[in-house]
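Novice: Residue numbers (this note's numbering), protein chains in the order written: chain A, 1 to 264; chain B, 1 to 264; chain C, 1 to 264; chain D, 1 to 264; chain E, 1 to 264; chain F, 1 to 264.
Note that these hints are calculated values from the structure, not bench results. Being a predicted model, the structure only gives us computed values, none of them experimental. Accuracy of the hints is not assured; some may be wrong.
Identical chains share a label here; the pair holds if one copy fits it or two copies do between them.
[Stated by the list, open to error] Below, in silico cross-link-like pairs of lysine-lysine (DSS-like), each with a Cα-Cα straight-line distance of 27 Å or less:
#1 Lys-84 x Lys-191
#2 Lys-189 x Lys-156
#3 Lys-191 x Lys-156
#4 Lys-182 x Lys-156
#5 Lys-84 x Lys-189
#6 Lys-182 x Lys-84
6 protein chains.
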Amino acid sequence: MYHHIKKLMYTVRVDQPDPRFGNMLLEQFGGANGELAAAMQYSVQGLNCEDPARKDLLMDIGTEELSHLEIVGTLARMHLKPMKLAREHAEADPLVAIAGGGGVNLFNSMGSAWTADYLKITGELDVDLRSNIAAEARAKIVYERLIDFCDDPGTKEALQFLMTREITHMKAFTRALESLDKPEFSIGKIKPTPGLVDQYFNESTGEGEDGEIDARGPWNEGEEWQFVDAPDDVGDGVESPPSQPEIPTPTPAFAKKRASSRNR
Amino acid sequence: MYHHIKKLMYTVRVDQPDPRFGNMLLEQFGGANGELAAAMQYSVQGLNCEDPARKDLLMDIGTEELSHLEIVGTLARMHLKPMKLAREHAEADPLVAIAGGGGVNLFNSMGSAWTADYLKITGELDVDLRSNIAAEARAKIVYERLIDFCDDPGTKEALQFLMTREITHMKAFTRALESLDKPEFSIGKIKPTPGLVDQYFNESTGEGEDGEIDARGPWNEGEEWQFVDAPDDVGDGVESPPSQPEIPTPTPAFAKKRASSRNR
Amino acid sequence: MYHHIKKLMYTVRVDQPDPRFGNMLLEQFGGANGELAAAMQYSVQGLNCEDPARKDLLMDIGTEELSHLEIVGTLARMHLKPMKLAREHAEADPLVAIAGGGGVNLFNSMGSAWTADYLKITGELDVDLRSNIAAEARAKIVYERLIDFCDDPGTKEALQFLMTREITHMKAFTRALESLDKPEFSIGKIKPTPGLVDQYFNESTGEGEDGEIDARGPWNEGEEWQFVDAPDDVGDGVESPPSQPEIPTPTPAFAKKRASSRNR
Amino acid sequence: MYHHIKKLMYTVRVDQPDPRFGNMLLEQFGGANGELAAAMQYSVQGLNCEDPARKDLLMDIGTEELSHLEIVGTLARMHLKPMKLAREHAEADPLVAIAGGGGVNLFNSMGSAWTADYLKITGELDVDLRSNIAAEARAKIVYERLIDFCDDPGTKEALQFLMTREITHMKAFTRALESLDKPEFSIGKIKPTPGLVDQYFNESTGEGEDGEIDARGPWNEGEEWQFVDAPDDVGDGVESPPSQPEIPTPTPAFAKKRASSRNR
Amino acid sequence: MYHHIKKLMYTVRVDQPDPRFGNMLLEQFGGANGELAAAMQYSVQGLNCEDPARKDLLMDIGTEELSHLEIVGTLARMHLKPMKLAREHAEADPLVAIAGGGGVNLFNSMGSAWTADYLKITGELDVDLRSNIAAEARAKIVYERLIDFCDDPGTKEALQFLMTREITHMKAFTRALESLDKPEFSIGKIKPTPGLVDQYFNESTGEGEDGEIDARGPWNEGEEWQFVDAPDDVGDGVESPPSQPEIPTPTPAFAKKRASSRNR
Amino acid sequence: MYHHIKKLMYTVRVDQPDPRFGNMLLEQFGGANGELAAAMQYSVQGLNCEDPARKDLLMDIGTEELSHLEIVGTLARMHLKPMKLAREHAEADPLVAIAGGGGVNLFNSMGSAWTADYLKITGELDVDLRSNIAAEARAKIVYERLIDFCDDPGTKEALQFLMTREITHMKAFTRALESLDKPEFSIGKIKPTPGLVDQYFNESTGEGEDGEIDARGPWNEGEEWQFVDAPDDVGDGVESPPSQPEIPTPTPAFAKKRASSRNR
């Protein structure tokens, strides 16, 4: 059950309305990484969650994001209001000006309607937490860019508040994931095929125009990796073995066949 | 520059076509967490990336996902083909049957067209890598569910191959993120507000219907956290201080005002 | 500011989970006339509203709809859960089964993602209230159809609760519109062109296949109407008068030119 | 069956093409409340309608809106045409300029493609008429805003014509709804739960930042209303009564339990 | 200006309603290659067209498609109507059953809302005619597939009528394109680069799993073609010549550099 | 199987970055007629194709379009990069600037996400080839318009290269279609109804405002055509004959009934 209190979680102040900035701000109201996306992603995950402790976490943060949505909407509304009054301002976002009368709606900065396609919800708790960590990282960087383009001190303060909270949430989701104490890279129940899982396929080859070569780093070298060159001759398909009797250990032959001599 | 070789990366075998399973499989062809989404997310991130080593990583994996797209499409095509022949099969997915003649198209299992709204691309490398780690975790669990619903041995082998590779990629993206060697929870350049960033807001309160209480765990207790109760009286807004001279240290007053006595 | 309480506004009970009914129920979770649409339409209108009394009304009902969203989501989750377990159930909605693991997401009963294109928000209070009255009427009839297709007593009770509340809201929005005390058919500030505004154009002519003729009723006959036949000769365009000096009284000539003798 | 006559219903005149205004005008061509939306909403409702008299009404107005679509498209085309010729104009709407060569297409003022998600069609006549009344009110206010931003006299006249017709249609739909002679707030066949239906839930509480308090008005006070405060203690869920024998009279206990003493 | 006549262009008869077939039929009502798409594509092209003769053609056919839309909608409505009455039928398309009460709406067979993204409109007459020829070919094959899955004689007759008309339109658009009398492959005004334009790039190489080799045919061999192998060594990029003084004859070097000796 | 080579197919050079032009360029990256649309349309058609020779053609060109996507993306990235740095530039496309940090993403010039609804894939080879011919014609004209609005010589060269290749592909698809050697206007297997197929319906009548009359040309006159006037009296529907025994020769009566005396 939800309650609304007629106070913002963070009181906003706009010294100088700026319709074009208000338009940018819509990115965090009705945009892909905005507050509605966050509120819905966590709250719906919470609805599906069967771990009561982490369900509470999801509802806590999902609810806070609703309060953030209200803050961003209030800010954007203040900046967009002049759109109704002057043709020059209306040109910044005709959809807001003409269809919305200078009010906010759940569109992004380019007038695209918010869509649930933005959400990442799988019903698998550890997977969802990873999606949330990434979502918070995205929201943080978007707020930072808004701050960089903002001239109004009152607005900047509110954005700083919101940006900070994203890091808070990122930390909370990270700790919740860690507390599940699952082995690294273990997702779900079916095991990946041993051997094959450690092969790094070098699929982009050659020397780049600025002299790039095939880069090596912890993501493809060292003990846990086998570096496999892209096939260099036509016909290098991988046949499914004729008598592959059981899941989950297929295709060990595959792994060996394509192993590069460069592997270490 | 791309080349195509007339061999699948993993040769597929379908013993018994199953149109309803073929329909489910479209989730990984034209769905939100499918192979086109993966291919495009990493390749476009690669295009924007200015770190040559990790750009190579993004292009390697982005390209491999294109080859996976081809594998999934081939599999789905084999399973969907009977749709053209029998009304009973056509009912599993009339869009495939009527508009597509039993061929694949970039729709998901419920006929929704693939959209770039599925992609998470910010142009900030460490943020993008987090989005990719989450994307691979999602893809893994989706393949696992497909395997669980699949009766055909040949198809299961191919899905096992694809599922394994997602873990490989998850590992590579994780190592690449670690190798950036950034402090934990440090995203972008603007610092979060100290104090405020460590406050956990308890926004979902009360006792749940199955006896849930406000859960505590590493995500909201311990040295790095201050547990803050939701305001219990109307009027508990947060005023922006009248003379907040500079970013990034606003609202310290806020943090204190709402600090719960339960904090440890 | 929003708070969440760990109790549903209406406790739900599902005696017999029914995945295909759960799928239908998604219509009111992530569908065009569902609870998220209602919650967002009223809350965002409230954000834009400058009449404090009716803004409070919009926030009251917008918040109640959020609590309804939680109820519907909980119900749907209970009905959809078996999707994860049996292939037969999964076929009812492969998107829920495969991508969502049997959990809810903001899609409708055919798997289309919720979109803010469903919302009707103009920033003009009396117009928005009319949109809300219509929205509540639609939500009521959708709940009625769900009840008609529902076999589970517990679910029926919850739907009856939700359906009833839509009528409550319809009544409240109607009273709020009436209390604005505006003349009938007066929208905004610019007056419609007198004369022209009372002309009913008979644009669909002839005798229908079941004997329908051009119907007359209070919507096109009586003192307030002038019934105008569709032009019966080629060339019957309406020229803009050469010296139309001022808005808002253009085209009076137009009205006379096409007046039908059948007018009463 | 439809016929087209090579004359506009209202001949348009553009004295000074204005590409940025042309862009705004697209809101009524391919936008959410535009002429295609109106034409399709009423015509498809007409197709479903089994009341021959009101079906004729729906087809009359649906057809007139098609003629309006042609007028708006012609006007927009005249304003947008210079986009092809000058880079400066093309920047107003690159989609029109680059993809469309300065011609119109069914996009709104921000380049979003028209979608049937804009339509409100339920197949329940009185509900559909309410949706239409609201749609006409929205279309009226959008035309008014376009007139406010328009500098061209010829264009203003055409917009005045179109705006006037929306009020005509609003009146016709209202009279048609009234002529159905249904009791107020009676939608469909299943009755709302007595008692519960008259409860107004005060879900947004507290004192607003500009001193707003919980507002009272005809929408929540008087004989037909029972004003119910939001639950003030955690745990105030509503249990579904254990033996709720029949629809449609559930939860009378609920109504009493939460009734506020402030009720009058 | 449009008129509607209360008769279908082709009177329909449905002997045995079949909700699942009705659902398939929606593909031609609100689907990608359906009648609304056709009506809008040609009519909007007509609106933009400055060649009066072919503008008339576009309006003739655009209008006929509107009449077809009405036929398909009437047919689909007849087949879908039982959805309202039986849960079993409703499961064929819950969106139609629950949200639409068994009536049609502008969705396709999988419930996706019609979108103007289906349309191909460039404002270049010869290009648009090519898009229309292809559109008619697609519509024809879709009607054929519907006929193949249809058991009802009355419905089949109507579909045969509609299917035939698509071929009529395909012929008309083809003759209109031919009558423009433009050189083959001449589009717009800027000439393609000579030499380069005749090079066929062999980008998919190797031997396919069923023994496919690089196929040759009139599309890549003969006098008008130069067959160019994909680069066989890493580093085969194409440098932009340092002093490429003018459009439209750049990159002749490119053509030679990659010319294959297999060219004839 | 796909490989990526770290060289562009055509090396690009940008002398003067121009963010507003970069924004226009996105039309060919993530737009309706852009390179991703081309790559996916042909490659997915190839996946479905059972004619090995023309499947190879589809894969050859589909793969080349992927390389073009990379070129356009690289060009756009170069032009858009300054968006991150200056508020003035960011206003050209706030979505790119704020959400994307100045990097490309799969959106068009107005920020709409790429969607598979752009694709035309039917699984019928000759139909698909027609769709491809039209697609290439559209892509050509879009590149031409971009060249017209481009000031940067390096960018113009690259666009000239890409534009030329579209004509190459148009030629190849045309030759492949011709080589199928099917009779003109023969699509699929079911024959259109003789007689009816040759009737041109004059559905847009009257004299246009600039003196247009009903135009005649090879698309509606001559031996292969019967010119049929729109019905001039109400009631001119076409009854389905009572005993229409078999497909595919229905409705011959229809053809005669409406034949115009103007037919030649």
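Novice: Does each hint hold? Answer for all of them.
Specialist: Now for the hints, and whether the structure bears them out:
no.	hint	in the structure
1	Lys-84 x Lys-191	between (59 Å within a copy, 19 Å between copies)
2	Lys-189 x Lys-156	between (46 Å within a copy, 15 Å between copies)
3	Lys-191 x Lys-156	between (48 Å within a copy, 13 Å between copies)
4	Lys-182 x Lys-156	between (40 Å within a copy, 25 Å between copies)
5	Lys-84 x Lys-189	between (56 Å within a copy, 14 Å between copies)
6	Lys-182 x Lys-84	between (54 Å within a copy, 22 Å between copies)
Figure legend: structure checked against the earlier numbered hints; every hint is met.
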